[in-house]
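Position chains V and F with the ligand relative to chain D; hints supplied.
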Amino acid sequence: MRVALFVTCLADLMRPNVAFAALKLLKLAGCTVEVPETQTCCGQPAYNSGDRATALTLARKVIDEFSGYEYVVLPSGSCAGMIRAHYEELCKDDPALLVKAKKLAASTYELTDFLVNVAKLESVPGDFAGSITYHDSCSGLRELGIKQQPRQLLGKMGQVEIKEMSEAETCCGFGGTFSLKFGDISSKLADNKCENACATGADAIVGGDLGCLLNIEGRLRRKGDRKTQVLHVAEVLAGKLD
Amino acid sequence: MSSRDLILGRIRASIGRSGPADTSAVAAHLQASPRGPASQGDWRNSHEGVLQRFTERATALSSTVERVASWAEVPAAAAAYLISRQLPTRAVCWPTLADQPWAAAGLAVEARPSRGDDLVGITSTFCAVADTGTLMLLSGADTPAATSLLPETHIAVVPVERVVPLMEDGFALLRSEKGEAPRATNFVSGPSRTADIEQTVTLGAHGPYRVHLILVG
Amino acid sequence: MEIHSNDFKARAREALADQELQKALKLVQVKFVPNRAAAAAEYGDFEALRDAGRDIRNRALENLDLWLERFEQEATRRGAQVHWAKDAAEANAIIVDIAHKNGVKKVVKSKSMVSEECGLNDALEAAGVTPIETDLGEYILQINDHEPPSHIVAPVIHKTREQITELFHAKHHKPRQTDIGALCREAREILRPHFLSADMGISGANFLVAETGSTVIVTNEGNGRLCTTVPRIHVALTGIEKVVPTLEDLSVLLRLLPRSATGQAITNYVSMNTGVAGSGDSDGPEQFHIVLLDNGRSRVLGSELKEMLRCIRCGACMNHCPVYQAVGGHAYGWVYPGPMGSVLTPSYAGMEHAHELPHTATGCGQCSAVCPVRIPLPELMRKEREMQVDAGLRPWTERLALKLWGWSASQPWLYGLGTAIAARFLKGLGGEEKLIHRLPLAGGWTDGRDFPAPAGKTFRELYRAKKELH
Ligand code: SF4
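Chains as they are written, first to last, in the numbering used here: chain D, 1 to 242; chain V, 1001 to 1217; chain F, 2001 to 2470.
Hints were generated in silico from the structure; no laboratory data involved.
Please note that a few of the clues may not be correct.
[Stated by the list, open to error] Sample of chain F residues lacking proximity to chain D, with all beta carbon distances greater than 10 Å (derived):
#	residue
1	2002
2	2019
3	2081
4	2083
5	2123
6	2172
7	2278
8	2369
9	2458
[Unchecked claim] Straight-line Cα separation of at most 27 Å, DSSO-like style, residue types lysine-lysine; simulated pairs:
#	chain 1	residue 1	chain 2	residue 2
10	F	2466	D	61
11	D	223	F	2427
12	F	2427	D	240
13	F	2105	F	2086
14	D	181	F	2009
15	F	2427	D	24
16	D	240	F	2466
17	D	24	F	2105
18	D	181	F	2105
19	D	227	F	2434
20	D	61	F	2105
21	F	2009	D	227
Using N, Cα and C, we set each Cβ at its ideal position, and we do this for glycine too.
Isolated chain D, as found in the complex (with noise of 0.2 Å):
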């Protein structure tokens, strides 16, 4: 299987370690991964704030980099809701584009559904060993049906305990420009979350978007919280990175 990851510009930014991760993950999953040089971001914040023109400006960029490969695969579920469930949307009124569009659509995927449903990863090298909570990203959750894939994966780890806290589908506040156009009220809803998290005494909060971890970290730490760890979950399923 040829593979492209699409980094994500978080992940390039704020947590290369992600990225590796999710390199090393695919590879042991038996992928050809190829990581396309000139790629940036997917446009999602500019088309969100209803700049359609700078996002498409990205998303023929994005379709241009990312077309020649069976799979591509992005270690993040809002960017790979962006592309699977928006572009289509966005790309509506150039009919070439449109069409090379939807089929990329049909051949992204957020990591951890891609290596339950295509790759079929059997073995997991993480060794992380404690107690887990799991928050479920909205996007994944919403747009892809992110939610057992990322569990299943965990579950073949030896050591790890999931436990499970109280509304993990609810928004961590983040929403990209919202945690700050509103950061007040993006801290309220990060303080739910931690709450909620904190209460089943994991070691760690894990997600599978960069985003809202960012955000439920910053928090946690202002909340004065220094050892619970968040962690992205190729993190966790990659374990100990060359």
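The following block gives chains V and F with the ligand in isolation, referenced to the frame of chain D:
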């Protein structure tokens, strides 16, 4: 231009209608009146199942339900209900129920419209919907709407053959038996209630505090 | 109703700091959310029902003119009078005129969000007619100096029982009642004489049935039935979009609405009113006026937001909205709060009065996941943001930032350089702790949260270095 024409004109512009409308789709839909999805369940397979569903649902909505074999037993059942709850035995009823032997059962029942200070109202029903445990009441000179509304206690007599599975079945009976809807078609599902304060359900908001259903047959 | 939607930020901040409100709002999460989930599960294939609901509402809107004409024809045939109001002022004028012509002094009202939209009570009072709200929640608001509702289904969801106890004590001059049942009884006893003495009843309409020319209201308390049964005149005020074709279509929507709203399989009362009292009827109004309000709806029908007109006002979108749950309905500043309000308010009241609202959501999608008629609310809010950008309504700083960022993101080389610098800069700010406590230009974030610092090199750099090594 009248506001009517203005609004209809704007609507037509918005839906992109130019020239005379094709009314065939509208006419066809009215003609066919297709039914949409409804709750499925084994209860719909037999009339006893339908009655059981009705009883369960009505009870869940805080109505009380009993069943008697014939109309002759209705006055005594109503009296027993009122006496057992220490409720008044004076009542108003629909004119259609004027001939029932209420007095013999110890009830003082007047067949007249309710005035607002009556404490007990006795009605029958056009039909009842089992799916939700609901009465379907039609207003009329002999079946005033206020009797089931103003008194604090509402007793309704429900002939078992008038219990139908779904709301759509009630509407079908309305069409076939009455031709058109009366001034008020009221679906009533138990005592009035409110949850406006702290989302806590409290019975007896503006309508009856209690609804007692007497199934007959 | 006066609009304060542009004060969303300040109002939301106050709401977050209001302990009583926060206590009251907990109930949204504790009651509405699980009740709706249980009702949907108990029903069975609720998703198929939602599909049917969407299709029924679409069918009505596709031929809205024809269905309204049919409605008018049937309603008129049965003796009702149908009035058309292009905006709120005209709706108010029509109703005031009906009151004046008939010597009406007192009106009993059942809950109607369209009447709130129009500011009908103020118009009636100005014309010397006394409106009395009879829905318990609306009554509480009215005696509390005409406070606006904060929820379309549960108008006093923002109030605690203690606050209502104090309010009743102060306004009714009666001993304090702390029991909810006793509070309800007190209100009932005060309102009952008003029903019997009012000259006119005003209701909304949850649905208009084109087939029969009927208005339908869905209530639990019975006040709607009283308002439409006892007074000699009944006025139903509602939006033109509320029409549904047939009684069968109505039946489906009546399965969806209460389950989505409160988790009930049916509300206590579903009252379908058709025409005026017949000869020999002992109750029912002699006059039945139906006022059909446009107020922006016909314009929305032709816009990219037209799916919004499917709305059946169940309130599920606000109940499930994390932002609504956090700040309550008053923050939104007009009649319609939460996601549906964020779409409707700019459309009905004008974008310039509500430019914040399309941004007041995280895009989590919980609203559209529960909407009984499958309105893609986050998508519609996004479209409103596009309209704002197209109309040049966003601040120039935001527009410039997006353009600059978009431009650099389409120049991979430049973007790589920029992010490499940013990664180092931010790492530096994070220091030993790897946490940034204060980030210039991002105070919205760092006022309430730390910003976890990046690792210091971008993936792009590290990956290239690795490849060169091999
Ligand atoms: S938008 Fe949907 S969920 Fe919200 S009130 Fe309307 S029908 Fe209900």
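Outcome of the hint check:
Listed as outside the interface, residue 2002 (chain F) is consistent with that label: its C-beta sits roughly 23 Å from the nearest C-beta of chain D, beyond the 10 Å cut-off. Against the 10 Å criterion, residue 2019 (chain F) stays outside the reach of chain D, whose nearest CB is about 13 Å from its own CB. Once the 10 Å rule is applied to beta carbons, residue 2081 (chain F) is consistent with being away from chain D; the minimum gap is 44 Å. Listed as outside the interface, residue 2083 (chain F) is consistent with that label: its C-beta sits roughly 38 Å from the nearest C-beta of chain D, beyond the 10 Å cut-off.
Listed as outside the interface, residue 2123 (chain F) is consistent with that label: its C-beta sits roughly 35 Å from the nearest C-beta of chain D, beyond the 10 Å cut-off. The beta carbon of residue 2172 (chain F) sits about 36 Å from the closest Cβ of chain D, which is more than 10 Å, so the claim that it is off the interface holds. The non-interface label for residue 2278 (chain F) is consistent with chain D: the shortest C-beta to C-beta separation is roughly 51 Å, beyond 10 Å. The beta carbon of residue 2369 (chain F) sits about 6 Å from the closest Cβ of chain D, which is not more than 10 Å, so the claim that it is off the interface is violated.
Listed as outside the interface, residue 2458 (chain F) is inconsistent with that label: its C-beta sits roughly 5 Å from the nearest C-beta of chain D, within the 10 Å cut-off. About 25 Å separates the Cα atoms of residue 2466 (chain F) and residue 61 (chain D), which keeps this hinted pair within 27 Å; it holds. Simply put, residue 223 (chain D) and residue 2427 (chain F) have alpha-carbon atoms about 21 Å apart, close enough for the 27 Å limit, and the pair holds. The suggested pairing of residue 2427 (chain F) with residue 240 (chain D) holds, with an alpha-carbon distance near 23 Å, which does not exceed 27 Å.
Restraint check: the Cα-Cα separation between residue 2105 (chain F) and residue 2086 (chain F) comes to about 26 Å, which is no more than 27 Å; the hinted pair holds. With a C-alpha separation of about 9 Å, the suggested pair residue 181 (chain D) and residue 2009 (chain F) falls inside the 27 Å cut-off, and the hint holds. The hinted pair formed by residue 2427 (chain F) and residue 24 (chain D) meets the criterion: a straight-line CA distance of about 25 Å does not exceed 27 Å. Simply put, residue 240 (chain D) and residue 2466 (chain F) have alpha-carbon atoms about 16 Å apart, close enough for the 27 Å limit, and the pair holds.
Taken as a hint, the residue 24 (chain D) and residue 2105 (chain F) pair is broken in the structure, with Cα atoms around 78 Å apart against an allowance of 27 Å. Restraint check: the Cα-Cα separation between residue 181 (chain D) and residue 2105 (chain F) comes to about 49 Å, which exceeds 27 Å; the hinted pair is violated. Note on residue 227 (chain D) and residue 2434 (chain F): the hinted pairing holds, with a Cα-Cα distance of about 14 Å set against a maximum of 27 Å. Taking the CA atoms of residue 61 (chain D) and residue 2105 (chain F), the gap is about 68 Å. The hint is violated against a cut of 27 Å.
Using a Cα cut-off of 27 Å, the hinted pair residue 2009 (chain F) and residue 227 (chain D) is violated, with the two alpha carbons roughly 33 Å apart.
The earlier numbered hints that this structure contradicts are 8, 9, 17, 18, 20 and 21.
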